[in-house]
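Take the given structure of chain A and dock chains B and C to it, following the hints.
Residue numbers (this note's numbering), protein chains in the order written: chain A, 1225 to 1498; chain B, 1225 to 1498; chain C, 1225 to 1498.
Calculated from the structure, these hints are not laboratory results.
Treat the hints with caution; some may be incorrect.
Which copy is meant is left open, so a pair is good if it fits within one copy or across any two.
Unchecked claim - Simulated pairs of lysine-lysine, PhoX-like, Cα-Cα distance not exceeding 25 Å: (1) LYS1487 <-> LYS1237; (2) LYS1355 <-> LYS1278; (3) LYS1412 <-> LYS1237; (4) LYS1485 <-> LYS1368; (5) LYS1355 <-> LYS1237; (6) LYS1237 <-> LYS1308; (7) LYS1412 <-> LYS1368; (8) LYS1226 <-> LYS1237.
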Amino acid sequence: MKLNGILSETRRKTPLVQVITNYVTINDCANVLLACGASPAMCEVEQEAYAFSKLSAAVYCNIGTLTPEQRLAIKEALRGAAEKEIPVILDPVGCGAIPSRIDYIEELRSQYPIHVVKGNLGEIKSLAGIKTEVRGVDSVDDGKDAVEACVSLARDWQCVVAATGEQDVVTDGTRVAVIQNGTQMLTKITGAGCMAGAVIAGFCGAAASSFEGTVAGLLAISLAGEQAAASADGDLPGTFKVKLIDEIHRLTEEIMTASGKVKWITPSQTDSIQ
Amino acid sequence: MKLNGILSETRRKTPLVQVITNYVTINDCANVLLACGASPAMCEVEQEAYAFSKLSAAVYCNIGTLTPEQRLAIKEALRGAAEKEIPVILDPVGCGAIPSRIDYIEELRSQYPIHVVKGNLGEIKSLAGIKTEVRGVDSVDDGKDAVEACVSLARDWQCVVAATGEQDVVTDGTRVAVIQNGTQMLTKITGAGCMAGAVIAGFCGAAASSFEGTVAGLLAISLAGEQAAASADGDLPGTFKVKLIDEIHRLTEEIMTASGKVKWITPSQTDSIQ
Amino acid sequence: MKLNGILSETRRKTPLVQVITNYVTINDCANVLLACGASPAMCEVEQEAYAFSKLSAAVYCNIGTLTPEQRLAIKEALRGAAEKEIPVILDPVGCGAIPSRIDYIEELRSQYPIHVVKGNLGEIKSLAGIKTEVRGVDSVDDGKDAVEACVSLARDWQCVVAATGEQDVVTDGTRVAVIQNGTQMLTKITGAGCMAGAVIAGFCGAAASSFEGTVAGLLAISLAGEQAAASADGDLPGTFKVKLIDEIHRLTEEIMTASGKVKWITPSQTDSIQ
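Extracted from the complex, chain A is given alone in its bound form (with noise of 0.2 Å):
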């Protein structure tokens, strides 16, 4: 397991990295791709989605805003994606709120690979089928037994888990990381979540494995959060949105080495998993 080096990866071979995502954020996404060194392209036409998985090196799916042209060109995209054999990322916005995206869900994964799930923790609850509660698009769980759901669920769904809040984990079923990096102010904006999956896609793109990709990528938003809440006036919504794609593009390694609360854990180190 190799965080070191995935961001350099990321910039010297710019990953093309096809999304589909919400127009609430999608700018942010982009932006945000860019910065760390990606190439996005938000390729969402059904038509064309298809062909364009096909020239990329990453898929990120975000469900926030899923119109009936979205569900179509995901399936053409992860089918491409599967062909091609490069990682997907799953971003289930809203999938406590409305349960129908689920079954959506579900349906997609019987049909194609899906090698990482994002989400915040209500989220995650909700697809490994356990109660929790979420006001909206975000979760209000407390986070107690955020491991063994996200561990529940890679082991269920054979692929990488995460979930967001206070600290972030990360999960294949079998290795656990704990992210202690991060900033309340992550909260105050919108698109935090998405741009975390778009980072998380771009770095998957570069990485070698989905694993230390998706734990690299959620480290580096949380980092450069961190680093955008304590400049001047980023403890303001507005001005910390533009810094955070700042302190993307400052990112390094030498940061991330230096400054990353990464903590190692193993499934059974917690209570309820067997």
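Same frame as chain A, but now just chains B and C:
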């Protein structure tokens, strides 16, 4: 009539606001809702809109880029809002330039309650059947009989009417508030009107009445605009937009009370209303 | 040929520009149009597009995320534009990576006039049937025969052609302007090309000719980019994007004249054109 306390209530209750709006400023609407303390959810898919409105505290509909899908989704959201008896705020963008939008609005209000109509003066007059001048989505009306137009529409439609302009007018047909804060900079960026509508929806989701919520909401964005324009480089539109979100976030009850200039008049104080 | 005065004319006339564009950078396009003095209207619903183009001074079509709805709306807008004889500016985003978009563009121009085609060099060459290299929506062409490609397409299509790159090339098939301003920072944000197209449309809505409007528009965004990149933290993409809008707003005729580096060449000065 009590404006004091609505901002605090919004921050305390964090009302979930369902938003169906144009894609031009959808990100700004989400961020301004977060900055004023509300919780935005941009839920506009026809199949999801009804169920989502049942979870919400207010619904904001902005027809700036009214798609066929949105036409259907808005009806579903309004159906849910009517059942749950939550306020509906309508922003009739472009109804002056595109008369078919008026037909759509008439159809909406024949079926479901609309509690607040907030537009620029050209749009309000177009809805009231009063001759006016528009230029695309902008009003170039001289503003002389703004109060009469608003009162007339408010009485006719039995709802709160707000017309933005150099001075903002808000009325429920009986009481009239004229807001004398604001800045020309709000006309130099796209989406100031949309953001005003969003803040109104956030406040109406927490206020005792839609009339109070609307006055307080327009006052909030006007004051934040003043503060943003007065800050460093606030006379430049890129910076102003960033600072506008910052200043909504920084707004306090004290600033609202100390700097707010709301003039109360009665409809009879205006000439042309009998 | 007179570039001087177009910016002032745009601010004096505030031309209404109908915009049909991708949802990634639609907000940036609206704001940059306001900042350069034009009046944007993002009107793209099929039923409204024809009537709206009849109110407008120019139409800007960008096919970055070409939806089935937009395919129809663009035709309606171009029909209205042809009847009103206003300039149509086309941004053929992604036509290098997605060949079906070329078919659509060919269909468009077989039916309606297109006055300006503005793309990156990879897109322009793709339209001209010249071998090139693209990477998603980005051009990775080395730029050597940019002038020949533009002149060839301009003669063939009988329109103004502009190719952006390290140097921007604009030609009507007879005259060729090479714009030597600009900054690498314009490649670090999403939407610089879209914003360039929007400014060109704004300027063409006020200029004496589409050729002049296009040269002046590209010069304006290049100069504003230079100024933004040179300002504090202007080498960081989040800040740069904010400052770019600021600098478009601050642009003056004096800056255009004093700092603009436009080299005029004749097609015969290039080798490969007979």
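To see whether the hints hold, each was checked on the structure:
Neither within a single protomer nor between protomers do LYS1487 and LYS1237 lie at most 25 Å apart by alpha-carbon distance, with minima of 28 Å and 35 Å respectively. When the C-alpha separation of LYS1355 and LYS1278 is checked against a cutoff of 25 Å, the pair qualifies only between copies, where the shortest distance is 20 Å, while the shortest distance within a copy is 38 Å. When the C-alpha separation of LYS1412 and LYS1237 is checked against a cutoff of 25 Å, the pair qualifies only between copies, where the shortest distance is 16 Å, while the shortest distance within a copy is 32 Å. Taking the shortest alpha-carbon separations for LYS1485 and LYS1368, only the intra-copy value of 19 Å comes in at or below 25 Å, while the best inter-copy value is 48 Å.
For the identical chains of this complex, LYS1355 and LYS1237 are inter-copy neighbours only, at 23 Å across copies versus 41 Å inside a copy, given an alpha-carbon limit of 25 Å. Taking CA atoms no more than 25 Å apart as the test, LYS1237 paired with LYS1308 passes inside one copy only; the shortest distance there is 17 Å, against 48 Å between copies. With identical chains, the CA atoms of LYS1412 and LYS1368 are at most 25 Å apart within one copy only, with a shortest distance of 22 Å there and 40 Å across copies. Within a single copy, LYS1226 and LYS1237 get their C-alpha atoms as close as 17 Å, which meets the 25 Å cut-off; across copies the closest is 44 Å, which misses it.
Hint compliance for this structure: hint 1 is the single one not met.
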